[in-house]
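J.: As you go down the protein sequences, you meet chains A and B in turn. Note that this note's numbering numbers the first sequence so that position 122 is 122, with each residue one more than the last. Take any residue in the second sequence, note its place counting from 1, add 1000, and you have its number in this note's numbering.
Any given hint could turn out to be false.
As the list claims (entries may be wrong) - Label pairs and their computed distance ranges (CB to CB):
1. R385(A) <-> D1581(B): 29 to 37 Å
2. K549(A) <-> D1581(B): 28 to 36 Å
3. R1583(B) <-> K549(A): 29 to 37 Å
4. E1392(B) <-> E582(A): 34 to 42 Å
5. R1583(B) <-> E582(A): 42 to 50 Å
6. G209(A) <-> D1237(B): 37 to 45 Å
7. R1558(B) <-> E452(A): 30 to 38 Å
8. V620(A) <-> D1555(B): 32 to 40 Å
9. N1673(B) <-> K549(A): 42 to 50 Å
10. R1583(B) <-> T538(A): 48 to 56 Å
11. T538(A) <-> D1581(B): 50 to 58 Å
Note that these hints are calculated values from the structure, not bench results. Every residue, glycine too, gets a C-beta built ideally from N, C-alpha and C.
There are 2 protein chains.
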Amino acid sequence: MKDYIVTDEWKIIERGFQPEMNRVSESLFSLGNGQMGHRGNFEETYSGDSLQGSYIAGVYYPDKTRVGWWKNGYPEYFAKVLNAANWIGIRVEVDGEEFDLAHCEVIDFERVLDMKEGLLTRSVTARMASGKEVRVEARRFCSMAQPEIGAIRYRLTPLNFDGTITLTPYLDAGVTNEDANWDETFWKAISQEVVHKVGYLVAETKKTGFQVATGMKISASIEGGDPPLEAYCIKKDNFVSIAIEDQITQDQCFTLDKIAVNISSLNVEPSQLMEKARQHLGKAWEAGYDALFEAHRQVWASKWEHSDIRIEGDVAAQQGIRFNIFHLNQTYTGSDERLNIGPKGFTGEKYGGSTYWDTEAYCLPFYLSTADQHVARQLLVYRYRHLQKAIENASLLGFENGAALYPMVTMNGEECHNEWEITFEEIHRNGAIAYAIYDYVRYTADEAYLMEYGLEVLIAIARFWAQRVNYSEAKQQYVILGVTGPNEYENNVNNNWYTNLLAIWCMQYTMEVIRSVSHSNPEAWQSLCERIGFYEYTEMNHWKDVCSKMYLPEDPSRQVFLQQEGFLDKVIRPASELAADERPLNQKWSWDRILRSCYIKQADVLQGLYFFEEDYDEEVIRRNFDFYEPLTVHESSLSPCVHSILASRLGYRDKAYEMYLRTARLDLNDYNNDTEDGLHITSMAGTWMAVVKGFGGLRVQDGTLSLSPFLPQEWSRFAFKCRFRGALLEVVTDTNGTTIRHLGGQPAALMLHGEMRTLSAGQEFRK
Amino acid sequence: MKDYIVTDEWKIIERGFQPEMNRVSESLFSLGNGQMGHRGNFEETYSGDSLQGSYIAGVYYPDKTRVGWWKNGYPEYFAKVLNAANWIGIRVEVDGEEFDLAHCEVIDFERVLDMKEGLLTRSVTARMASGKEVRVEARRFCSMAQPEIGAIRYRLTPLNFDGTITLTPYLDAGVTNEDANWDETFWKAISQEVVHKVGYLVAETKKTGFQVATGMKISASIEGGDPPLEAYCIKKDNFVSIAIEDQITQDQCFTLDKIAVNISSLNVEPSQLMEKARQHLGKAWEAGYDALFEAHRQVWASKWEHSDIRIEGDVAAQQGIRFNIFHLNQTYTGSDERLNIGPKGFTGEKYGGSTYWDTEAYCLPFYLSTADQHVARQLLVYRYRHLQKAIENASLLGFENGAALYPMVTMNGEECHNEWEITFEEIHRNGAIAYAIYDYVRYTADEAYLMEYGLEVLIAIARFWAQRVNYSEAKQQYVILGVTGPNEYENNVNNNWYTNLLAIWCMQYTMEVIRSVSHSNPEAWQSLCERIGFYEYTEMNHWKDVCSKMYLPEDPSRQVFLQQEGFLDKVIRPASELAADERPLNQKWSWDRILRSCYIKQADVLQGLYFFEEDYDEEVIRRNFDFYEPLTVHESSLSPCVHSILASRLGYRDKAYEMYLRTARLDLNDYNNDTEDGLHITSMAGTWMAVVKGFGGLRVQDGTLSLSPFLPQEWSRFAFKCRFRGALLEVVTDTNGTTIRHLGGQPAALMLHGEMRTLSAGQEFRK
């Protein structure tokens, strides 16, 4: 755990330069806007330890590296997110001496991320090797208003000398990935141009052939002087730069504005890329840095208006939750149905920027509650667009008749992970994708989604489960053999309770939707049946048979569900008895030892009880929680939130708060020692859930938004906003109870601590 | 299946050049002598498809390629056998035109491996692009008498021209592995020299630092002419050559003898390598090609004297079994306790030349019966020498108190395979290593081995099992969770019957040996106890408890043992019902589908019944065979032999013969389409077992060699030789019954079809 970030309600502050923490800081100070993003690298050259990274959403490379012995059915590649053109770079020379903090004495340093405004600033006073002292102030943002645009204002002031300052803003697509094999490069230069303070380059990714046009336009001024001169330009493969140089005197400030554009062939035909880049950059340039920033700031104001959580009595908690909300909003905006939420967002290379089931199981509720329903819908449409590839994926594995298995890891719908116990066996992901449809419709009442997109996905998933079971003669029941559940510390188990439960739930929910849709929209239903060759009678009869005869392992004596068949053959001993030097298990124990131990990486039975809470009475949930929670080591950042929510539900408030704390400041305090690789974006959504669904008790029941908040004793007050079916609500809880305020929009049916009320704009409900 | 090899009792013959089969032929025509070997490559340049390969026993490279996500406990590297200096090469030019069969019209071609004499010959008549016709006759062998020495006699005759012939014998350590990553090279040049018809080079492997000195001495003659002239020499990094050139006339024969030496730093201090190489080469040179060959031939005569199997009435079967015996004798001679039997021997790069449990489970019986007992003993001592590393390996995985887990794959005792389901879970290999000790002592009566080496290994293995079990409260029995059995088409199963059985057998046998040794040699026993900290009372009490309460899964209704717990939840359907286009499963089905199917890669329950046949009555074996054999797809070349032996035992003669045929000519007919990678050396021992233990019914019971042969109906007669406790025996079976002849050595107690007799040299026993 680290604790060098200054606590502040709205800002992330690094005070005093900490080079040994620089990679962590670069992750923490990342900026993004859903279409592009970059780590908190310095504009000027920094030769110290750093992970340089700029990322463009949806632009990936098909790495052929085979992880593990190739097994039949494995995909051909592993997608990796690409480090894209560095557009923030500005080389700085002072009388020919390069300004590089790694070679300076740093007198004063502050790096600040203002989350309210989405602005990264840095103020540095440093003494260079020559003894010259300079002050640098840099401000930058990735526009939330115009997601192609980023802007930088860079100011340099000589403090103890007169001299020649050269600022050389550049664009550089000659970048590499740190996780590249054998120093492979990924970008092929297509074109470069640079004329009078404007530069462009177009680069193409090898193999995948994505093109990205990056452009910059610059202006420079000298306080109280004539505009400085353009000294020279450089243009070479994957690189352009423009050197601006002038003599300035002590205390005179040299200011450079650099406005940049990034457009990819995901959105524009390659032949049009340059034209579009010019248009966007031209328009942005006309507006200028200040107006661009104002438009950006307004989008952030609106984001916060809908998604803020306020915590009083604990500034660190306030900072932590806003940091999470800030990054979730930076990572995904719902503007493009082809994009999704990588586990590291735009903050690092790890996990290839790809989509995992994290999106459906952990992230969806955040966007459902804090953004227009269109945003969450886009996450669903993303999977709908991948349906044909999920069907192909299933057929590669021997499934027929339009059964779909969604990939474990994907960029474009194709599976791109190859470890058999995950790729082939972690099939519960398919259930989470169906659950997200249910979750969305339950929250939004957007029934139309089902006929338009959802049902086709549901049927393909139900077909998968119906084939994936087999009938056990020995048990005279259906079984699901050879799976890995959410708890990845068990591999290739039989009858994982969560997976079996999800399988029958998928079939049951699909049948429920079929009944409803075939009734409300018989023509569209008939046409879908024809298109996908669905024979209601035969297929649904089989589904019903499977649902009624599915084996769900239980222990009658403890009255708990069994994580999987045979779980009780293990030595059952609480994780609290493990010696400290054995933790984390995944670094200290060999894999086989982990597998045969009782220890759980992340919620498995409890994940099922969380999803289907309404189907179980409290005592069932309590018995299972009491049995499994002590065995859980939470070595996935996604684990604690589900435990926190259930603990809140069960009235285990201390436990709920303990679990909440495990992720609340995961990155800010670098608990897992891996923030340098990037932030844990999807787990941030889990933290949000621990507050809103856990402490706030937010649920949807029969079309009503239900809340039953309690105040963690460490806090004096907490308030969150949420949207529900066209209403914007604020839920404020303090030591006196809870007030729900309707801030605008449609009237909303609400339940607070079990009491129903319908609120309209301006009204409130206190209990 | 291919069928281009001419059938012959003693020879492997390729008649007519088949370039498309060249890699297969190169594997089939491989030569070796236990210390070195090489594929059947041509001496002269061949630009067609070829896998060039020369291998030196024990010389490997630590490949860092990580296969699979790295998991805690994985080894740091994967050993690969290295392609070593090519010493057979002779460049041939005719009036400056290179002789290369790929660019000739081949008029006549015959490649012959004479297995009786261990001689590879090749006769070629070819028309070169220029129209010049030449005849080449090449003979070579790897000396079984002096394993550092190889020799070639190469003759070239111009058939339709007079001209200048240049023969350039060379040594080339600038070779690569086909399975190298990124064209990595492995050999660093240390020194080269070439003077008057003698050349040497010393090369060192990168990272592992093995040095190998390779030398050649040549002489050339022209039929009816003066000796030809040395034209020029080349010496460069990792390469030396000597060009011999002369004018010859039509039908005049140009003969080149090339005698070569290979010595590695495994056997000689690096500083002494050159000196030793000179000594060996000098001595060999003095003897000359003919005398060297004669000494080599004599060793082969003696090998055949002790290991031949004669089959009458089926030349293909005769050729097949001798081919297997030939290669087993070429691959391992027992001369060096640091060497072992790689699955491909000296015939290819695959499987890294490393040691697998194949040695103990499949190969040991061959060497026990056909060679001096010292040879089999060396295979055991090999594991004894690796005991400390096996203890370290186990401690890496969390085991304590001197428990040993032998590696799945090894060169020097360290594990060098990393797939968790194999590396960590295929722990049955530990049992096979204990079983081999038992098998050896039972066969040889060499009880002294136990106190000297065996017991220490047994205790370390027993300690492993005693810790690897856990007590299941649910079952009130000991269980072994999370293993992979010999049937690798199941991964991470619980209570694999074979593994559980082997575990208790290991503890029981160890206790039996302790009882015996502590009685017969109490002092040595006490000293061992002190050395390894063995507390008889405590440890053995725990072992006894485990043995008495081990869970062994069974199905009471079918009265069969269960391959693993839960096996009967699968859909049980015989492999014969699989469509032809679904086979082999490992190429047609995804891995998860294989895992959850009932299909078996290789014997698992049956492997246990084969090992401990005496403990089960025939009906038990029959029920299990009848249940499991139909589910077995035999997609390991090691599978059929065990089935064949058990089928013979049960009187299922047709099934026994069918299973025997699946491996008897596996490589000669390239059944699995992979002979080009090298030969299936360890499975050859399985074929030998199918004949001797299967058709011959050879067993050891209470110190007696028991036989109960039957004649497969396709054969008119078969005879095999075997050694048993100092006696050399021949067992001849024809339509009239079986005769055992005592060919020499100690008297032997024998049982034939249940009748006891003691035979002395010259006596026979007929029944």
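J.: Hints first: check each against the structure and report whether it holds.
T.: So, going through the hints one by one against the coordinates:
Here the CB-CB span from R385(A) to D1581(B) is close to 33 Å, well matched to the stated 29 to 37 Å. Evaluation of the 28 to 36 Å hint for K549(A) and D1581(B) yields a pass: the beta carbon distance comes to about 32 Å. About 32 Å separates the C-beta atoms of R1583(B) and K549(A), a value consistent with the hinted range of 29 to 37 Å. With their beta carbons about 19 Å apart, E1392(B) and E582(A) fall outside the hinted range of 34 to 42 Å.
Under the hint 42 to 50 Å, the C-beta atoms of R1583(B) and E582(A), about 46 Å apart, fit the expected range. At about 42 Å, the beta-carbon gap between G209(A) and D1237(B) stays in the expected band of 37 to 45 Å. A hinted range of 30 to 38 Å for the beta carbons of R1558(B) and E452(A) is inconsistent with their spacing of about 53 Å. For V620(A) and D1555(B), the Cβ-Cβ distance of about 34 Å falls inside the hinted range of 32 to 40 Å, so the restraint holds.
Judged by the Cβ atoms, the range 42 to 50 Å given for N1673(B) and K549(A) holds: they are separated by roughly 43 Å. In this structure the supplied range 48 to 56 Å is violated for R1583(B) paired with T538(A), their Cβ-Cβ distance being about 30 Å. Taking the beta carbon of each, T538(A) and D1581(B) are about 26 Å apart, not inside 50 to 58 Å as hinted.
In the structure shown, a violation is registered for the earlier hints numbered 4, 7, 10 and 11, in ascending order.
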